[in-house]
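Undergrad: Chain residues, written in single-letter form:
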Amino acid sequence: MAEPTIYELSSPGRQGVRFPEPDTPQSPLPTEFKRKDLPLPEVSEVDVVRHFTRLSQKNYGVDIGIYPLGSCTMKYNPKINEVAARLPGFALTHPLQPEDTVQGNLYLMYALQEWLMEISGFAGITLQPAAGAQGELTGVLIIQKYHADRGDTKRKRILIPDSAHGTNPATSSMSGFEVVSLPSDDRGNVDLEALKGLCDENLAGLMLTNPNTLGLFDEHVVEVIETVHATGGLVYGDGANMNALLGIVRPGDLGFDIMHFNLHKTFSTPHGGGGPGSGPVAVCEKLVDYLPDPVVTIVDPGDEETPPLYGYAHPARTIGPIKSFQGHFGMLVRAYAYIAMHGSQGLRNIAEMAVLNANYLLSKIKGTYTLPYDRKCMHEFVVEGVWEDAPGVRALDVSKRLIDYNVHPPTNYFPLIVHEALMIEPTETESLESLDYFADALLKIAEEAHTQPELLHEAPHHSPVRRCDEVLAAKQLILRTGPKPNA
Amino acid sequence: MFTPHTPQDVEAMLKAIGLSKIEDLFQEIPEQYRFPELNLPPALTEMEVNQDLESIAHANGNTSELLSFLGAGAYDHYVPAAVDMLLRRGEFYTAYTPYQPEISQGTLQSIFEYQSLICSLTGMDVANASHYDGATAAAEAVILAYHHFRGKRTKFLVSRAVNPQYRQVIRTYMRGNSEISILGDDPDTGIDASMEKLIAQIDANTALVMVQYPDFFGRIIDYKPLAEAVHAAGALLAVSVNPTALGILTPPGEFGADIVTGEGQPLGIPLSYGGPYLGIFAVTNELLRKISGRLIGQTVDAAGELAYVMTLTAREQHIRREKATSNICTNQGLMALASTIYLSLLGKHGFEQVANLCYQKAHYAANQIDRISGYDLAFPDIPFFHEFAIRCPMPVDHLLDHLRAYDILGGYDLGKDYPELEGCLLMAVTEKIHKDDIDLLHDALLEVTHG
Numbered sequence: 000m001a002e003p004t005i006y007e008l009s010s011p012g013r014q015g016v017r018f019p020e021p022d023t024p025q026s027p028l029p030t031e032f033k034r035k036d037l038p039l040p041e042v043s044e045v046d047v048v049r050h051f052t053r054l055s056q057k058n059y060g061v062d063i064g065i066y067p068l069g070s071c072t073m074k075y076n077p078k079i080n081e082v083a084a085r086l087p088g089f090a091l092t093h094p095l096q097p098e099d100t101v102q103g104n105l106y107l108m109y110a111l112q113e114w115l116m117e118i119s120g121f122a123g124i125t126l127q128p129a130a131g132a133q134g135e136l137t138g139v140l141i142i143q144k145y146h147a148d149r150g151d152t153k154r155k156r157i158l159i160p161d162s163a164h165g166t167n168p169a170t171s172s173m174s175g176f177e178v179v180s181l182p183s184d185d186r187g188n189v190d191l192e193a194l195k196g197l198c199d200e201n202l203a204g205l206m207l208t209n210p211n212t213l214g215l216f217d218e219h220v221v222e223v224i225e226t227v228h229a230t231g232g233l234v235y236g237d238g239a240n241m242n243a244l245l246g247i248v249r250p251g252d253l254g255f256d257i258m259h260f261n262l263h264k265t266f267s268t269p270h271g272g273g274g275p276g277s278g279p280v281a282v283c284e285k286l287v288d289y290l291p292d293p294v295v296t297i298v299d300p301g302d303e304e305t306p307p308l309y310g311y312a313h314p315a316r317t318i319g320p321i322k323s324f325q326g327h328f329g330m331l332v333r334a335y336a337y338i339a340m341h342g343s344q345g346l347r348n349i350a351e352m353a354v355l356n357a358n359y360l361l362s363k364i365k366g367t368y369t370l371p372y373d374r375k376c377m378h379e380f381v382v383e384g385v386w387e388d389a390p391g392v393r394a395l396d397v398s399k400r401l402i403d404y405n406v407h408p409p410t411n412y413f414p415l416i417v418h419e420a421l422m423i424e425p426t427e428t429e430s431l432e433s434l435d436y437f438a439d440a441l442l443k444i445a446e447e448a449h450t451q452p453e454l455l456h457e458a459p460h461h462s463p464v465r466r467c468d469e470v471l472a473a474k475q476l477i478l479r480t481g482p483k484p485n486a
Numbered sequence: 000m001f002t003p004h005t006p007q008d009v010e011a012m013l014k015a016i017g018l019s020k021i022e023d024l025f026q027e028i029p030e031q032y033r034f035p036e037l038n039l040p041p042a043l044t045e046m047e048v049n050q051d052l053e054s055i056a057h058a059n060g061n062t063s064e065l066l067s068f069l070g071a072g073a074y075d076h077y078v079p080a081a082v083d084m085l086l087r088r089g090e091f092y093t094a095y096t097p098y099q100p101e102i103s104q105g106t107l108q109s110i111f112e113y114q115s116l117i118c119s120l121t122g123m124d125v126a127n128a129s130h131y132d133g134a135t136a137a138a139e140a141v142i143l144a145y146h147h148f149r150g151k152r153t154k155f156l157v158s159r160a161v162n163p164q165y166r167q168v169i170r171t172y173m174r175g176n177s178e179i180s181i182l183g184d185d186p187d188t189g190i191d192a193s194m195e196k197l198i199a200q201i202d203a204n205t206a207l208v209m210v211q212y213p214d215f216f217g218r219i220i221d222y223k224p225l226a227e228a229v230h231a232a233g234a235l236l237a238v239s240v241n242p243t244a245l246g247i248l249t250p251p252g253e254f255g256a257d258i259v260t261g262e263g264q265p266l267g268i269p270l271s272y273g274g275p276y277l278g279i280f281a282v283t284n285e286l287l288r289k290i291s292g293r294l295i296g297q298t299v300d301a302a303g304e305l306a307y308v309m310t311l312t313a314r315e316q317h318i319r320r321e322k323a324t325s326n327i328c329t330n331q332g333l334m335a336l337a338s339t340i341y342l343s344l345l346g347k348h349g350f351e352q353v354a355n356l357c358y359q360k361a362h363y364a365a366n367q368i369d370r371i372s373g374y375d376l377a378f379p380d381i382p383f384f385h386e387f388a389i390r391c392p393m394p395v396d397h398l399l400d401h402l403r404a405y406d407i408l409g410g411y412d413l414g415k416d417y418p419e420l421e422g423c424l425l426m427a428v429t430e431k432i433h434k435d436d437i438d439l440l441h442d443a444l445l446e447v448t449h450g
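Chains as they are written, first to last, in numbering that gives the first Met the number 0: chain A, 0 to 486; chain B, 0 to 450.
Excised from the complex, chain A in its bound form (with noise of 0.2 Å):
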């Protein structure tokens, strides 16, 4: 049933929460500024509490069920996360508030820059960026200012898989460099000759994805690496898979010089429908000093008495601040807890369980659906929603009739690469009995294909909207409601 917009549940003289009356005398604000109609709802508590709970009971999220959204790494987040982020010391700091009143704060980023350091290998750390695309960006202004300060002004080319996520291009053709797309070989990798041809002096970097949206671990990445490096390019990691990575190899061992991590994937802190993420960029030892400003220090180590004193540093060279006062700090609290509770072992049982999920998984549907590249999985993999004897049904189709066994479909069409694309990655959270029901539904949607077609393509079946008409939408571009006419 479609629920009512908030301005439809409005009733002259409703208020949801009052407020005192002015406890001060009284100064008229200018008549020239004053706004004269100020067109908000009026509804109360019980219209408000009632009409967000409703409209929650028509999501999906991760605490109803499997979630196997490729490349989002969508597990389980823990309730104790949401505790702690909410605790009045953290939550009632404000971001200007002199550094000897926020130590606590100091001391929680200052940790959780070590510890992802030491994760993956690098040397310094912002936690500014405030999400993947926004540590992307980071990264490519640390790359062009790098190359810039170096008088390396030629070098205006970045590579980028055909593989990759959108947000690669976009961000390098933002921050303007021309893109210049990388072809993939039949295994999966990068195609090794192809990137020799376009290493050159012109090169100022190559942005890499592993293991790849694929879900593929490139087999020469070491060689990738050195290629550009003999160049004189610099290598960005695009930290979306660190999932699979955690405990398993660090990618700065492997030659990367600048990794961003998606703390809302990897560690656990809630996607929120769409944000807020974060996504903390770290950088090798010569990138140190192009960080954005600020990063978290030691100002005074103190001694057996005195704890150390923590503060702001402001790197040398920096490209600046990415965005208002120190990041997302609530998302970095959490991902404080959920490293705090895994520690060194505890990271790695999680990527291989990601790992041996997905190959289990797969095990499980090989065969029924196409897999493009034959080979072992990481955290996720990516097969085809499409059969030659089931003509007319597509990925879409299957992705709508998972909806009506009460999974998450997986990522639709993505990557490009592969026709009719389902990418599956199921994360460690998942049960042996969960992923064996889901199996199940890809299994019986496989037959469904081909006796009956028509579930699929008129599905989903059981939702609380059927297929929605995006045509529609975007010719009649509806894109806001207000008040009633006569209210």
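One should not assume that every hint holds.
Stretches of chain B that chain A covers, calculated by requiring three or more beta carbons in the stretch to come under 8 Å of a beta carbon on chain A [unchecked claim]: (1) 32-41; (2) 66-76; (3) 339-348.
Hints are computed from structural coordinates only; laboratory data are not their basis.
Using N, Cα and C, we set each Cβ at its ideal position, and we do this for glycine too.
Dock chain B against chain A, hints included.
TA: Chain B in isolation, oriented as in the chain A frame:
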């Protein structure tokens, strides 16, 4: 803990894959780098991590213990209990981007309502689903204007009275674009409220003029003459707002703004040491197709029922790749939801009430401080909202240190960003401050200054 696998499960799964041990899954990793021992503290239980974090949090002084007059871009407002109770629903916070509208109507409709509320508040035609924060929203306005003129207009004028952090972030974002110049915020242009020097710099090469409302010093300035000059030159006017002020002030849509950006944190989002916050972004209908970031639109489903979907996605990075105008991927979904719930709860009357309380209390505080000998309003004849600059009789850092002895966070030292305002303190007053608190501040200042 969060991995449910028993040893028997692992064994069965390995067998199904055809492997004998977990390590076999990682043979493609270069052997010399495989399985590094990470130097991290030993794993804690949930109880221990809770205790650890409580003690870390306790090492901070927070705004419930200290009397805070800090603002300068982040404001300590009361957040009604229902906001957080609703945000904690797992269906909201453990969902991702609403790629599958059939099972994401909760997120989609609430963002549609968010877009609507932001339009109501700003007087603009269209709002997007949000950017990261006030600073990045301002940077996106510059990017929009650059693309609007297809790179042919290269001058961007940003008022010196725009938040200094926003101006820095704009410069960071535009680093890769060597053709453009960002001007208007140099000491020569100044912070004069008449806008004359800023207007004098507008020419046919100007793409965008950006001002803040109220400005960084809390001042309410009539931007109508500026808007006329901007439009006469064919340029765009961007106004960065404090949304709380729009509870009582004329919205920018009524004085000619083409783009409205702003920091949405005051709308029910905790201070949380700087984030996550909310980047407000709204435009006129003319700029609708130039807007970056996510947009939610109304449609119908296969059964003809009303539904909501992401729309105009062809502009976005996952389709356009290097041709996209912005790399933004997510929005601040949960923060947009918080502000939607907040604005709904307060509504037409409550939101105006909060804005008015801020205005009244700030004016009482300013008057009380202005009466102390040695303290003067830095901009005595200019209207202000809930933040004001005070010229102090001693170095601001000394004054702030003295106030700390009274458990008072006095405000923001403007001399850090504005040499011309050396000795000036920026103070913010919200509805949470009582008259008694202001009197306490007054007495403390009196004592600190005159013994």
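Undergrad: Run every hint past the structure and note whether it holds.
TA: Going through the hints against the structure:
1. Under the rule that three or more residues need a Cβ within less than 8 Å of chain A, the assignment of the segment 32-41 of chain B holds, with 10 such residues.
2. Counting residues of the segment 66-76 of chain B whose C-beta sits closer than 8 Å to any C-beta of chain A gives 6, which meets the bar of three, so the coverage hint holds.
3. Counting residues of the segment 339-348 of chain B whose CB falls under 8 Å from any CB of chain A gives 9; the rule of at least 3 is met.
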